[in-house]
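A.B. asks: Below, each chain spelled out in residue letters.
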Amino acid sequence: MRRSQLISGTPGAPGIAVGPAWRYRAATPAPAPAAGAGRGDGKPGKKPSAKDAVAAIQAAVAAAGAQLESLASSLKAAGRADEAGIFEAQALMASDPGLLDAALALARGGEAAEAAVRAATETAASTIAALPDGLLASRAADVRDVGARIVRILAGEDVAPPERPSIAIADDLPPSVAAAIPPGLLLGIAQESGTTTSHVVILARALGIPAVVGATGLVEAATDAMTLAIDGESGTVAVDPDLPQLANLAGRAKHLESRRQAAAALRVRPAATSDGHRIVLLANIGGPDEAPRALQAGAEGIGLLRTEFLYMKRQSAPSEDDQVEPYRRVLAAFGPDRPVVIRLADIGGDKALPYLDLPVEANPAMGVRAIRLGATHSDLLAAQFRAIWRAAGLAGVVPRVMAPMVATLADVELLRELRDEARAAVAASGEPLPEQMITGVMIEIPSAAIMAAQIARRVDFFSIGTNDLTQYTLAADRSNPALAHLQDALHPAVLRLVAGVVEGAAGAGIPVAVCGELAGDPAGALVLAGLGVTELSADAGCLDDIRAALAGVTKSQLDDLGRRALAAAGATAVRAMAGDLLRPGRGSGRA
Amino acid sequence: MMTARVKVSNPSGLHARPAATLVKAAAAFHSQITIENLTSGSAPANAKSLLAVLGCGISCGHRIRIVVDGEDEVAALASLKSLARGGFGERVDQ
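Which chain is which? The protein sequence lines are A and B, in order. Letter 347 of the first sequence, counting from 1, is numbered 346 in numbering that gives the first Met the number 0, and no numbers are missing. Letter 50 of the second sequence, counting from 1, is numbered 49 in numbering that gives the first Met the number 0, and no numbers are missing.
Calculated directly from the structure, the hints in this document are not laboratory data. Among the clues, some could well be false.
Unchecked claim - Below 30 Å or equal to it, Euclidean Cα-Cα: the simulated DSSO-like pairs (lysine-lysine) are:
(1) Lys23(B) / Lys6(B)
(2) Lys23(B) / Lys75(A)
(3) Lys80(B) / Lys6(B)
(4) Lys80(B) / Lys23(B)
(5) Lys75(A) / Lys80(B)
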């Protein structure tokens, strides 16, 4: 019997998988014969002419581009936007004018089509691989993937998927190959190259399968293996594991799976602590296409519908009519019982648009953006308000709207005026529309947090944006990586502002939600709930973990955590306190 | 011919997605458009080629120069400048 062997790599995507190995080999037969075959075989009658090679390359490049575009659009339709982005970029690479020119020049010089494509892509890939920026350099894998695809098309080859559920092993598994394997046949991915930011890792996470990258020596050790066991949390690959190893892994896999199932099973019930304190869990979405995913994840509504998608990537401002249908779709998907909070467009500032004639600002994060455009570009916000009134009328729901970047009470009054004027305009047209609009503000500027008690009397709800609130409170530009250590929203300075907002809101009897990234982090969710926040809104993918974290604690534990967090010296200390509460909650089955 | 200098503030620089946004925008104009990385001193690259743009190695905080030359250069430069200010279509807030 073969001896088992353990290979260490880097954890890519979590989970455990055991199964046969499926070895992926790139469709690159040694470059030399292809180049030689075209030139010196002395059979001019069978030798493809340069003209044929040029035509073949043009056709293959077009086919590769079309394949990649269709892959991107089907992933997009399935709600897998991150992966779709990978293949959109690859489609552009396939139709890259520089790449095509280089390959065609080689073909005209007598190179065979495949060799010409391989040489041209390798030149482009190695330029990118040599870049000092690691993230950019890792895109060389995409260039090679595109080149291999064009070569496969030229050679009439296709990668045959595994015949039974398997673990893919490779030097570097191309994302296009991984994505093309039918669901269920790919149990996990282990490869020699790659880092945690590799596209194949993003894919594995999206597919919910484990991945180990950077596993040196893997291919040689595993090619003839009967069984592989990969552990995406420790980053190890066991080649032909022995029985005790298998038993150990099976136990852990069972534990992970039951934890996952337990979290998913909680979706049918509203989120609550173990002693029944309710927290409303909502999802953040960026457009109507993301609504189904939020519903599947058990979101009780939408805490943040970003509307920038209507304003970006266009040469003129969206009209009122352009906006009605997208809003109506989301409102109708959630119906009258599940709230949808529409955030007015956060544009301007660092998100300048061609049709917004605004001067360049030295400090756009603190510039003229969002509600601040109300003074100079009130037509933009007025059109958005009218569209929301009309969409709500069509969907038969009471709309909820909030304004970003509110700093003062004057901003609140402007918001109310715009809202009421828009209603009057729609009412005059005779279209159906609801009686009222539930109107809130985002608390993301320290002045608004400090003035929360006064502002609360003029609005219906608060939603705290912890990302901006952190950036403004700690005076740390969130786009500056050198200040990343100051970007932790668990800093007690931010938490004290949150506590003040909760207190101010309580005085006026209005609810407080959090829709920043902190709400999507289980540690952050516990701290926020401990400070009295009653609604958390996060990416749909985070909701299971938050629900499980809340179910593992009691209300008094949360209150105690909130009190201690406010008195802590820094974010690290707060994170440790929340971590202590998360761990025992997870392992409640243990003694 | 017109030129503009811009600072790239996307947290991960001009990685695949924002670079693709730039390339698609550039491809919509007839003008010849090149881009160079002033911080690293790269050679001018065709802004309509994703590989060429990626090859400039533009990281967060790098300064770039955009050069446009052609009949629609005014519109092209205005469009690319505002795209750059808007983070090349990349959402940088929450």
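A.B. asks: State for each hint whether it applies.
C.D. replies: Outcome of the hint check:
{"no.": "1", "hint": "Lys23(B) / Lys6(B)", "verdict": "holds (20 Å)"}
{"no.": "2", "hint": "Lys23(B) / Lys75(A)", "verdict": "holds (18 Å)"}
{"no.": "3", "hint": "Lys80(B) / Lys6(B)", "verdict": "holds (10 Å)"}
{"no.": "4", "hint": "Lys80(B) / Lys23(B)", "verdict": "holds (14 Å)"}
{"no.": "5", "hint": "Lys75(A) / Lys80(B)", "verdict": "holds (28 Å)"}
Consistency note: the structure conflicts with none of the earlier hints.
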